[in-house]
Amino acid sequence: MSNALISTAASAAEQKPGLGPWRLALRRFLRNPRSLVVMGVLGVLLTLSFGADWIAPFTYMEPFRDAALKNPDAKHWFGLDNIDRDVLSRVIYGGRVSLTVGVLATLMSVFIGTVVGLLAGFFGGWLDALLMRFTDIISGFPSLLLAVAITAIYHDPHQDVWEKIGVLVIALGIVGWTGIARLVRAQVLSIRTLDYVTAATALGSSRLRVVFRHILPNCISPLIVMTTLAIGGNILGEAGLSFLGLGVAPPYPSWGGMLNDACARIENAWWMSVFPGLAIVITVLAFNLLGDGLRDAIDPKGSQLGK
Amino acid sequence: MWTYIFRRFLQAIPVILGVAIISFFFSEMSGSPIRAMLGPKVSPEVLQKVTEHYGYDKPAPERFFIYLSNLLHGNLGYSLFNAGLPVTDLIATGMKVTLKLSLGAILFAICLGLPLGILSARYPNSIFDYAASSFAGVAVAVPAFFLAIVLKLVFSVWLGWFPITGYDPGSLKHLVLPCFALGLISTAATARLTRNCLLDTLSQDYVRTGRAKGCAQGRVLLGHALPNALVPVITIIGSDFAGLLCGAILTETVFGLPGVGLLLSSAVTQRDLPMVMGCCIMMSLIFVFANLLVDISYAFLDPRIRYE
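The listed protein sequences correspond, in order, to chains A and B. Per this note's numbering, the very first residue in the first sequence carries number 1; after that it's consecutive. Per this note's numbering, the very first residue in the second sequence carries number 1; after that it's consecutive.
Here chain B stands alone, though its shape is the one from the complex (with noise of 0.2 Å):
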């Protein structure tokens, strides 16, 4: 098991190089930020003297290892905005607020998704899983921010039952929509995922044999096929958080959450690189660390993939 692990981790450190090397390249290619960050009247000394304080006048081969070794040491540049604070500070903060949402959002898509699929598996081409695999193909096609937008104006706007915007990190009445905004298209791929994993165990011949000892039909569906039917779920379940993290960008500016999300997008329309990048390379580490998580977890689950 723990060769498994450090294999994985192994496996882990060309990616994030690659993720790093992609995102010097993109930033290269963009030329020098600090025209855009002065404006267009600013006298050339005073550029001279801002390029080299943040410096931009040095070769890219330089900047490159110098930007490698910020990067391990944690540093990521700082803010051309934000009173120029470090991109990890501002990082830091923005983060607590996006996992929270990440995490509600999976939240949601566990606790509506399983029992869907459960529920359409037990009844198979009944009404109810019509009607589950029906919303399941509308909910794939709504764009996460659409659905804030529309969450918001009937609850927020017209039920008044949640704040419109804002957050308060007390209280978790600003989280509710957004959540659920984030999670539906989760949900759906949970629901989906667990009928038709469920259905193909509930086929095994194990099963059968749990049937003919006499166990009681929720028995055998919860307790002998569910489990196994879980593994391919929880994949899908790890792998979404990129989506989520994706989806937070959008779903946060609608709802003005103070997550990274919000940090990025108006980073992007200031055209604050180190910003913009600082942001990708954190929600990119997330991301490789959930599959790494996902995958650890899958051969807890399942012995069989850890001797491949």
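Same shape as in the complex, but just chain A (with noise of 0.2 Å):
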């Protein structure tokens, strides 16, 4: 009896006007457990790794020579590297590169994407029949290849960090866009034909003005979730390419870069892979499901039917 007055509670505080669909979508990420850790996890991640300077225990490139021992100790947590600096540290610093290069080029992509798509679905026709053919040949590459390519063209050992950042952040959004742009083309072709739309444009509205009052608000909510998981698969691709040696140049950290390190000295260094690995790992599955939840929150129609 209770719980059917606090179900029916529940549905009548839902269905209150004035609650629009982002506070309620709000409500139901604030509500769901899961969502609020991977919060947390990920306002830890961000604090560590932009506050490096602070919190890291050492410098990323100051060498322990007279340790005994390169094996985590109580000083040295992750242990010490192969020119014997402080893993941990190292590990901290990483964060900055891998989380940086992953939500710019995941902006990047979402930029691209949702232009073309809004350029292809609006207006149709040749237009579109030119960007989807584009989409297709550039989704025809492996992604990691293209990326792979671009940035071995773009390679200069001397670059510093930054201009480096910019290279990787270039190579991984001009790769990843063709999805968000599919999505966006889907979304705007089923909305053009909404009633509103056609009522906002019997009411004089330009083009222009239907576009960016009336269609791609209404994208938003599915573009969310997706920049959200391109995040994590970006932090990947950032990885992998450090791992080639087109990361950041050291002795500068990245995760990937220090697997790549790591890799020729696994025999006698395991804590040199496992950690900057298992951080990549944390990183990602935080980012994924970041993305869940706020699907769930958004849609929760569609993650039901998911289930």
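Because the hints were derived from the structure by calculation, they are not lab data. Hints may be right or wrong, so weigh each one.
[Unchecked claim] To give an idea of the chain B side of the interface with chain A (calculated C-beta under 7 Å), a few residues:
| # | residue |
| --- | --- |
| 1 | Val-15 |
| 2 | Pro-143 |
| 3 | Leu-153 |
| 4 | Val-157 |
| 5 | Leu-250 |
| 6 | Val-268 |
| 7 | Thr-269 |
[To be verified] Chain A stretches covered by chain B per the calculated footprint, using a threshold of three residues with CB under 8 Å from any CB of chain B:
| # | region |
| --- | --- |
| 8 | 123-137 |
| 9 | 152-165 |
| 10 | 241-247 |
| 11 | 258-272 |
| 12 | 279-287 |
The C-beta atom is built at its ideal place from N, Cα and C for all residues, glycine as well.
Work from the hints to combine the two standalone chains into their complex.
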């Protein structure tokens, strides 16, 4: 009886006028304990990476030549690497590159993908055909391969950290937009014929206004979910490129680059590979779970069907 | 059916052409690789000679047509390193290893992923189903090369079951760990998709009819539902092939397998552009071809697709 009352009250609260879909989504998101844990983990990761100057026990390039053993111990929790640097500090600093590249590359893909998708979906005709064939060609490339090719061409050992991050962002951003373009196009095609768009046009709205005021806002929710999931993918991409030696130049650390150093020394220094690898896994997992949580919150019906 | 196959082949041509154009465009953007090959201390005359030898002194449009016609003749140019061997020969040797690796990975994905997915669909929302889906969620977040490193650490370094690095064409021992590392993500994807598709199919009318006829549970699951649920699964496995080729670049580097991936990663560090472009084109061709095969097999499995 009391259960029934509570659920009626809950559904009444959900339908209370004045609570927009975004507030409802936010409320669903905050009520999901898994999402809160994921937000916490991401918060810790961001604080560690960008507060590394204050948090990391040592700097990323300070050698400890007097240490007798390189194994993890009380002073160096994650051990020392092949040239006696503190692995924990390097893992903490390494998050900067991964997170920055992951987020910026995703923003770039989202921008390109949204523009292409909007143009193709809204204007249709030959522009649509042209843009979509182009999208097919880009997705015809194995994605990491294209990114490798682009970074390889602009690879210059003398680039500083920021220039290198720029190259990585461009390489991954150019590769990753095709899925987003297809998503936006499909959304635009289904929204374009709805009555309220016709009404807006009939009321004399310009095309630009229709696109930005009426169509784009209705594409946002699947776009947010896809963006979050793409960040994880781009962090993996950055790690892969850095692992191939195409990442930021040493001594600046990145997780993929640390794995590259570790790979050749696997027989005598397991800690060099395990900790940066785990950092990648935890970060990517956190972004993927955040994406899932956002999907559950924004589109509860869709996520029920998926289960 | 044949018209469908023909049409799909025609559709692949612009994609391949686009791949060639984009590869050329990117190699153009980076300028002549000759200086990088010869090092900073080379005299201008030698630089001039070598540039002419490799044809880098001609204007870009002319080189593009030479490049295209060479491509049509199966000539991808010559490596600037590797004793100047033709790129095609080097790739042909490496491709044997890479294909073995990718096919092995797909084999792992099918042999592990399909049963996992079927069991999850047979017992939905059970502990087993939950464990399988958590496994899939985690597997997607693990970079294949990190998994490769961990597997190598545990099974080669600590347990000593497999060789640490290298390759021996006669034995499969060197391929077991790389295939598993490479195939894990596809295994997870296959399991997840098989489960979802199978659950969808299990709620269809003809499955109920099968049950009403008195078919055994296993026969309904494997005989009636599974074949129809497999159509999307096959697509995913086919398009995973591209991901596997990319992953192979990294996995081969970890295990020191002499495949296209290792060729590519050393070409990348040496700035051996003809080699990088050749590898990209070859892998893209295989990718396009794999997608083509997937589409055709799709049309075989589901006749409705042919008449779209």
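* **Broken hints, by number** => none
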